[in-house]
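Chains V and F, in that order, are what the protein sequence lines are. In terms of our numbering, the first sequence opens at residue 1278 and continues consecutively. In terms of our numbering, the second sequence opens at residue 1278 and continues consecutively.
Keep in mind that the hints were calculated from the coordinates and are not lab data. Mixed in with the good hints there might be a few duds.
A pair counts as met if it fits within one copy or between any two copies, since identical chains are not told apart.
The calculated BS3-like cross-link candidates involving lysine-lysine, where the alpha carbons are at most 30 Å apart (straight line), are [as the list claims (entries may be wrong)]: (1) K1496 x K1566; (2) K1504 x K1566; (3) K1504 x K1801; (4) K1819 x K1327; (5) K1496 x K1805; (6) K1414 x K1486; (7) K1587 x K1327; (8) K1801 x K1819.
There are 2 protein chains.
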Amino acid sequence: MTDRIFRVNMSDLSTSVEEVPGPWQGLGGRGLTSTIVSEEVIPTCHPLGKHNKLIFAPGLLSGTTAANSGRLSCGAKSPLTGTIKEANAGGTSAQLMAKLGVKALIIEGLPEGDSWYSLHVSAAGVTISEESELIGKGNFAVTEALDERLESKHGLITIGQAGELKLTGANISVKDPDGKMRSCGRGGLGAVMGSKRLKFITVEASREKLVLADPEAFKLANRAFTKALVDNPISQALGQYGTNVLVNIINEAGGMPTRNFTSGQFEGHEEISGETMYDTIVERGGKPKHNCHPGCVIKCSQVYNGPDGKYRTSGFEYESIWAMGADCCVDNLDYIALADNLMDDIGLDSIETAVAFGVAMEAGVLEFGDGAGICRILQEEIAEGTPLGRIIGNGAGSVGRAFGVTRVPVVKNQAIPAYDPRAIKGIGITYATSTQGADHTMGYTIATNILGVGGSVDPLSHEGQVELSRNLQIATAAIDSTGMCLFIAFAALDDANCLPALIDMINARFGISLTADDVTNLGKTILKTERAFNLAAGLTEKDDRLPEFFSEEPIAPHNVVWDMSDQEIDTFWDF
Amino acid sequence: MTDRIFRVNMSDLSTSVEEVPGPWQGLGGRGLTSTIVSEEVIPTCHPLGKHNKLIFAPGLLSGTTAANSGRLSCGAKSPLTGTIKEANAGGTSAQLMAKLGVKALIIEGLPEGDSWYSLHVSAAGVTISEESELIGKGNFAVTEALDERLESKHGLITIGQAGELKLTGANISVKDPDGKMRSCGRGGLGAVMGSKRLKFITVEASREKLVLADPEAFKLANRAFTKALVDNPISQALGQYGTNVLVNIINEAGGMPTRNFTSGQFEGHEEISGETMYDTIVERGGKPKHNCHPGCVIKCSQVYNGPDGKYRTSGFEYESIWAMGADCCVDNLDYIALADNLMDDIGLDSIETAVAFGVAMEAGVLEFGDGAGICRILQEEIAEGTPLGRIIGNGAGSVGRAFGVTRVPVVKNQAIPAYDPRAIKGIGITYATSTQGADHTMGYTIATNILGVGGSVDPLSHEGQVELSRNLQIATAAIDSTGMCLFIAFAALDDANCLPALIDMINARFGISLTADDVTNLGKTILKTERAFNLAAGLTEKDDRLPEFFSEEPIAPHNVVWDMSDQEIDTFWDF
């Protein structure tokens, strides 16, 4: 099926299917969403106003049998950061959209009136329906209701109450093979979807197979690629303990932000570690290995059951466990799992929201360690849109501004994730310079700073951090365009067969002849496109800075501050 | 007495008295506060953190017998706008500080621990005391308690609960001759004082007279200056009806923002007009004429009594009445007066807060017209620091972000005042380009656009608006440095004797020979100093823009949109 652009105008409730413009043809995933945002969205527009657009795009390899290629990219101007934003997630929608020939789905305009809507995407185009039954409902209720309403194994992209409330901590959830939620987590994209009064998008299940330019070459390349992934020791660790394998590693490295970023180590780390989690999952009959989208061979997800042996959450990530665990001092995985599941249901970014709780704890709204309090506020305040719920649901910066807290770990108003930049300086460069606010996934220097993947760069030294972050940010922008999960990067960095096989797959898919240099150039172009958008929106290099407390408060156990100079940071863009 | 710099370091609770550095000697008021902020405050610092400084300075003529010279300037980096900020107010402190030889009072650092403090300023220096009794109290309770505690007619600079809570709508209040409050209103300077854990500053009453370089010349010049003021018809109208004379004028002009800026005329304008207010004051035994600082000859203030004949508020300004009246659709002066008095007591900027209520009404938090609801929220939510109170008390932008409202009338996050920029385009240029966020007092083009003072520029045309705003912003920056009330501008613009007399007074005070060009150059230098600070803080010309809804929603009765181009706006800085 020929790829086309599916476009929805919510202002007049019209839809169209368009040819893919020439310059967009070689793009997918983040490369495509960022290009469309850059070309079609007024950089200074109000992110919740009619000039913003919400764009979904499968990756270049999504819909094929390529391992780990099922990520769906979502882009817009972020209401949280004011920057361009791309977030991607697993689930089944990317592969289904690719099979339907959806190169990108562009949603623009705002409807008049108070009605809510849903979209259904099929090969014929998009239909818009009014929706009332599911408004105010959480993601799980939406999933269940639609499983009854529709006959097929449709894809589902949805927002919970957080998105309806236009909270800037709202994510966009994508249904996974088990009917649970994978999240385009960061930057408040759920609020953009809510502003367009769009509760959910269903994607028709297609049995069509993508036509490949060279099926045989594709198969061979995919075999090599898959082997590189499954042979990689980090892939294997991720498969066993999930991303939460990192708790003990990062705690040991003294870089696990604790108690709203006042220490680099958490006393209760054993209670929340990947090892403890694994044992608990096995003991309670959960699933230690689980994939978030069909075709994943790493399987870092898992199903975590409660003490009663019943499902409590899945996709239980290090980031969420760190944020509610160490950063909020909750040393109890059951509370964290409950909160994680609530955030999946309400549709909240678990990094932004949990870091916001950490700031709220510093402000005295609740006590550090109060896991029950977190769960109560999630259910009774955030999901209900009370004033306190709105303050916390709008993220860490919002809590800081509301309560006059100065120790607010954000860059470009987005919460800093699970690695303290004082103790791991490479990741600080990523936080500072990322086009999208603080985000570890934009250039995961932890690989090289801590895990020894792709070489080794001392986390405490200044040497090589900018170059490391730059190279990883360029590579990540390219990977985010393929539909691949970022976790292929560990194999790509250390296994000489991995990246060539990935490029071979793209070439075999489209009948082209990309080189490794082309891929690097794609990454550079994406970063520069995104940065140009941000500059046109009014950001400057002054936004590429960490909050001042990082430069002034040494963090234990290394007792170091953030001391990369502004000049060093600004060399990031010298490429 | 030789002027000196009084400095307080709250970090170590030390104080010092320093010589005035050479370049600061010719400066006063805003010229001095902005210069000190620019030289001593890190532009990118957190406004509530230890690197911000709070600076008070009397004007060049404060403490003399010059008419209308009793304004106290206060400067800092604003927690509301992120820009440099100067706000000035009447009251008695400027004149007392000038008599004590206080060229400027600089308060820096942040104390450790939870204690609150007060300062006492005398000719010998500043003493710091711990304060507990008055913490959590409103401004009126502070005033009364200190009147009992101190023997003399001290000056008082204080924050209410809003400043203690570090709300960005918090003002700094200055006691007036009747023990009521005058406000350094805009930009959340009260939150900066609160961040330094400083509840109030008392200023010793001095009986000393300032030594003038040429007393005779001063007397003659002051006589001419005073005559220009009292003969001016606008001064006279201000004396009779207060600033609220503007309700009928601006409503007639179709430029009175109504119902959160959805119309330019308010049905209930008669009920809240200056004429109605005057009649009510007279009927209830209030005072229609009243001065906010000793020596004022315009007397635009008044004392407004309630239906019971008892004091309800004073300094009842057009801005406050417009904002709660037209913008929130409350057509009842008694409610507005009650809310005004509550805001004086809690220490809230009545523009920022009332515009925030207008946005909250659009969000459905309360109904348009609900004056009782406003008063309840002020007392029970904002003064108590509840989550809703914090959202509203942090200003219009805060409410917009919390509730996902796109129609938020702010520039640089500061609420737009009482003149709609669509119908009065000159003031739109001031809102857009002011170094301090939307602020009519920074370049009051209404004088020429509507009142026919200083010539005439059609409010609906593009022609001449940028030049008008530029000339007025330059003049205002200079006037704000003298300690003069801005209302001398009406006489200065239309009476050829006024400005020379003002310059003669400055020359006679200091034994210097300023010319009119020197004064203009001072104004230009101040604006450029302020803008340089903002650019160094990370702002760009993209911040010099009105919210997009002004360009897209025509306003009745003229059915015009804001259509000054970005290019036109940016020519403002061509000087």
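Now for the hints, and whether the structure bears them out:
Only within a single protomer do K1496 and K1566 lie at most 30 Å apart by alpha-carbon distance; the minimum there is 25 Å, versus 90 Å between protomers. Within a single copy, K1504 and K1566 get their C-alpha atoms as close as 18 Å, which meets the 30 Å cut-off; across copies the closest is 88 Å, which misses it. Only within a single protomer do K1504 and K1801 lie at most 30 Å apart by alpha-carbon distance; the minimum there is 28 Å, versus 69 Å between protomers. In this assembly of identical chains, the alpha carbons of K1819 and K1327 lie at most 30 Å apart whether taken from the same copy (28 Å) or from different copies (19 Å).
For a Cα distance limit of 30 Å, the shortest separation of K1496 from K1805 qualifies neither inside one copy, at 34 Å, nor across copies, at 65 Å. Taking CA atoms no more than 30 Å apart as the test, K1414 paired with K1486 passes in neither setting, with 34 Å inside one copy and 72 Å between copies. In the homo-oligomer, the alpha carbons of K1587 and K1327 never lie at most 30 Å apart, since the shortest distance is 43 Å inside one protomer and 50 Å across protomers. With identical chains, the CA atoms of K1801 and K1819 are at most 30 Å apart both within one copy (22 Å) and between copies (26 Å).
The structure fails hints 5, 6, 7 (numbered hints given earlier, in ascending order).
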